[in-house]
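Undergrad: Sequence:
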Amino acid sequence: MGRMPVRLKDVAQHAGVSVKTVSNVVNDHPNVSAAMRERVQASLTQLGYRPNLAARQLKHGRGGFIALAVPQLDSPYFAELAARLSDEATRRGFLLLLDITGADPDQERLVLSGMRSHMVDGVVFSPLALSAEEIAARTDDIPLVLLGERRTPTQFDHVAVDSVAASRAMGEHFRQQGRHRWAVIGRQTREGTASVRLEGFAEAARDAGVELPDERVVTVDGFGRDEGYRGMRRLLDLPDDRRPDAVFAFNDLLAVGALRACHEARVRVPDDIAVGGFDDIAEGRFHAPSLTTVSPDLDALTGSVLDLLVRRIEGWTGPPEHPVVPWTLQPRESTSARAAR
-8 MGRMPVRLKD VAQHAGVSVK TVSNVVNDHP NVSAAMRERV QASLTQLGYR
42 PNLAARQLKH GRGGFIALAV PQLDSPYFAE LAARLSDEAT RRGFLLLLDI
92 TGADPDQERL VLSGMRSHMV DGVVFSPLAL SAEEIAARTD DIPLVLLGER
142 RTPTQFDHVA VDSVAASRAM GEHFRQQGRH RWAVIGRQTR EGTASVRLEG
192 FAEAARDAGV ELPDERVVTV DGFGRDEGYR GMRRLLDLPD DRRPDAVFAF
242 NDLLAVGALR ACHEARVRVP DDIAVGGFDD IAEGRFHAPS LTTVSPDLDA
292 LTGSVLDLLV RRIEGWTGPP EHPVVPWTLQ PRESTSARAA R
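Residue 332 is where the sequence shown ends in our numbering, and the numbering goes up by one at each step.
Everything labelled a hint here was simulated from the structure, so no lab data went into it. Fair warning: there could be bad hints in the mix.
[Stated by the list, open to error] Here are the simulated SDA-like pairs of lysine to any residue, each with C-alpha atoms no more than 25 Å apart in a straight line:
{"no.": "1", "residue 1": "K0", "residue 2": "M27"}
{"no.": "2", "residue 1": "K11", "residue 2": "G306"}
{"no.": "3", "residue 1": "K11", "residue 2": "S34"}
{"no.": "4", "residue 1": "K0", "residue 2": "N18"}
{"no.": "5", "residue 1": "K11", "residue 2": "E79"}
{"no.": "6", "residue 1": "K11", "residue 2": "R(-2)"}
{"no.": "7", "residue 1": "K11", "residue 2": "R30"}
{"no.": "8", "residue 1": "K11", "residue 2": "D78"}
{"no.": "9", "residue 1": "K11", "residue 2": "Y40"}
{"no.": "10", "residue 1": "K11", "residue 2": "G84"}
{"no.": "11", "residue 1": "K11", "residue 2": "L86"}
{"no.": "12", "residue 1": "K0", "residue 2": "L38"}
{"no.": "13", "residue 1": "K0", "residue 2": "S24"}
{"no.": "14", "residue 1": "K11", "residue 2": "R28"}
{"no.": "15", "residue 1": "K0", "residue 2": "R28"}
{"no.": "16", "residue 1": "K11", "residue 2": "E29"}
{"no.": "17", "residue 1": "K0", "residue 2": "R30"}
{"no.": "18", "residue 1": "K0", "residue 2": "A25"}
{"no.": "19", "residue 1": "K11", "residue 2": "S24"}
{"no.": "20", "residue 1": "K0", "residue 2": "L86"}
[Stated by the list, open to error] Pair ranges (Cβ atoms, derived):
{"no.": "21", "residue 1": "E202", "residue 2": "Q146", "range": "21 to 27 Å"}
{"no.": "22", "residue 1": "R234", "residue 2": "D131", "range": "48 to 54 Å"}
{"no.": "23", "residue 1": "L64", "residue 2": "P230", "range": "36 to 42 Å"}
{"no.": "24", "residue 1": "G200", "residue 2": "Q37", "range": "54 to 60 Å"}
{"no.": "25", "residue 1": "A291", "residue 2": "N18", "range": "32 to 38 Å"}
{"no.": "26", "residue 1": "P230", "residue 2": "A291", "range": "43 to 49 Å"}
{"no.": "27", "residue 1": "K11", "residue 2": "P322", "range": "45 to 51 Å"}
{"no.": "28", "residue 1": "Q4", "residue 2": "H254", "range": "55 to 61 Å"}
{"no.": "29", "residue 1": "D231", "residue 2": "A33", "range": "56 to 62 Å"}
{"no.": "30", "residue 1": "E274", "residue 2": "P96", "range": "27 to 33 Å"}
{"no.": "31", "residue 1": "D212", "residue 2": "G169", "range": "50 to 56 Å"}
Where is the CB? At the ideal position from N, CA and C, for every residue including glycine.
Construct the entire structure; sequences and hints are all you get.
TA: Structure follows, in C-alpha cells:
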C-alpha cells in the first residue's frame, strides 16, 4: 500500500500552527509574517507536502499547469532554469510542462498562437527565431511572460538580465587585467542575445580605447562547445601581432570550447589569453582553469517570472512589467594569472 498523501492538517500539527495558517502559506497569502512562513515552509518541505491540483482546479477554474517554451534543454543554462522554475511553480501549486522549440520559427509560432496552450494557465516563453514584430502580433489571450535579453514588444511582461551592462563589465574586467587586444566569440546574424551582448562589450572597448576589428569578432551558428572551439581556433590562427589577449564568449559553453582549443594549441590561459563567459554554469566552475563569467541571479529570475505570470493568471490586468534580474561578475582563474597559480 502506498504512502498516504500529506494533508494540511498534518503540516499544521507538525508546525504547531492552525490549518488556516498553513493554507495561507500554501496559497501565498500576504498576511503571514516572514518567521511564520519560514516555519510552515520547513514543515511542508520536511513532510513532502504536495498541493492538490485537482482541488485547485475546481476552486479556481484552472488546470494547474504552466508551460515553459525554450529553444533547447541540452544547454546547462536552460536545464537549470527549467529545474528552478519547476520547483518554484510546484511550491505555488502549479506543474511545469516543457515545450522544446528547437529555435524553429514554426514551432515558436505554435507557442504564440495558443495551439499548444489550450491545457495550460500560462506560458513562459524564450523565443529565438521570431522577430519582435511577429511576437507583437500575438492574439492568444493566455497569460504570457517573455524571457531573454533581446528587444521585445512592450505589451508583454518580460524578465531579463541587463546583458549590455553585464557585457560592459566583462570588458572593464579585461581592462583592469591589462588586456589590450580583445575579441568576442558569439556574434550571430539574427537579432537577439548575441547582438545585445556585443553592444555592451563594444561600449566597453570604446571606453577603454581598445579596437575591436571584425577579424576578432567571430560569428557562430550556435552557442555550443563546438562553435566555441572553432571560433577560438580562428582567433589563434591570426598573426601574433593581431592575436587577442582576451576573449569574451557570449555564453559559458562557447567559452568551454574555446578553453579546449587553447589547451590543444598549448596557449596558456590566462597568461597568454584571458577567457570570459556568461551564465555561470557548473561546468565552468569546475573546469581547469575555472571560468570567469557573468552570473545571473536565477532565483530572482524565477521568482519574478512566476510573480508576474501567477498574477496574470489570477486576473490582474495592469500594464506590462519588465523587471531586470541582478547579476554579478565572477572573476576566476581563466582571467587572473594570480588565481591560476
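Undergrad: State for each hint whether it applies.
TA: Hint check:
For the suggested pair K0 and M27, the alpha carbons sit about 16 Å apart, so the restraint of at most 25 Å is met. At most 25 Å may separate the alpha-carbon atoms for a hinted pair to count; K11 and G306 meet this at roughly 24 Å. Between K11 and S34 the CA atoms are separated by roughly 15 Å; this keeps the pair inside 25 Å, and the hint holds. Of the pairs offered as hints, the one joining K0 and N18 holds, with about 15 Å between alpha carbons and a cut-off of 25 Å not exceeded.
For the hint linking K11 to E79, the alpha-carbon distance of about 22 Å falls within 25 Å, and the restraint holds. A C-alpha spacing of about 12 Å is found between K11 and R(-2), which places the hinted pair at or below 25 Å, so the restraint holds. Under the criterion of a C-alpha separation no larger than 25 Å, the hint pairing K11 with R30 is consistent with the structure, at around 14 Å. Distance check on the hinted pair: K11 and D78 sit about 24 Å apart at the alpha-carbon level, within 25 Å; holds.
The straight-line distance between the Cα atoms of K11 and Y40 is roughly 15 Å, inside the 25 Å bound, and the hint therefore holds. For the suggested pair K11 and G84, the alpha carbons sit about 17 Å apart, so the restraint of at most 25 Å is met. For the proposed pair K11 and L86, the alpha carbon gap of about 23 Å is at most 25 Å, so the pair holds. Among the hinted pairs, K0 with L38 is consistent with the structure: their alpha-carbon atoms are about 12 Å apart, no more than 25 Å.
The suggested pairing of K0 with S24 holds, with an alpha-carbon distance near 20 Å, which does not exceed 25 Å. With a C-alpha separation of about 12 Å, the suggested pair K11 and R28 falls inside the 25 Å cut-off, and the hint holds. Annotation: proposed proximity of K0 to R28 holds, straight-line Cα distance about 16 Å (limit 25 Å). This hinted pair checks out: K11 and E29 have alpha carbons roughly 15 Å apart, not beyond 25 Å.
For the hint linking K0 to R30, the alpha-carbon distance of about 15 Å falls within 25 Å, and the restraint holds. With a CA separation close to 21 Å, the supplied pair K0 and A25 stays within the 25 Å bound. Of the pairs offered as hints, the one joining K11 and S24 holds, with about 14 Å between alpha carbons and a cut-off of 25 Å not exceeded. Distance hint between K0 and L86 is fulfilled; the C-alpha atoms sit about 23 Å from each other, no more than 25 Å.
Checked against the given bound of 21 to 27 Å, the beta carbons of E202 and Q146, roughly 40 Å apart, lie outside it. Checked against the hint of 48 to 54 Å, the pair R234 and D131 passes, with Cβ atoms roughly 50 Å apart. Look at L64 against P230: about 41 Å separates their beta carbons, and that is inside 36 to 42 Å. A hinted range of 54 to 60 Å for the beta carbons of G200 and Q37 is consistent with their spacing of about 58 Å.
Here the CB-CB span from A291 to N18 is close to 22 Å, at odds with the stated 32 to 38 Å. At roughly 44 Å, the beta-carbon separation of P230 and A291 lies within the given 43 to 49 Å, and the hint holds. Range check, K11 to P322: about 49 Å between beta-carbon atoms, so the 45 to 51 Å window is met. For the hinted restraint 55 to 61 Å between Q4 and H254, the CB-CB distance of approximately 58 Å keeps it satisfied.
Between D231 and A33 the C-beta distance comes to about 60 Å, which sits within the given range of 56 to 62 Å. Judged by the Cβ atoms, the range 27 to 33 Å given for E274 and P96 holds: they are separated by roughly 30 Å. About 33 Å separates the C-beta atoms of D212 and G169, a value inconsistent with the hinted range of 50 to 56 Å.
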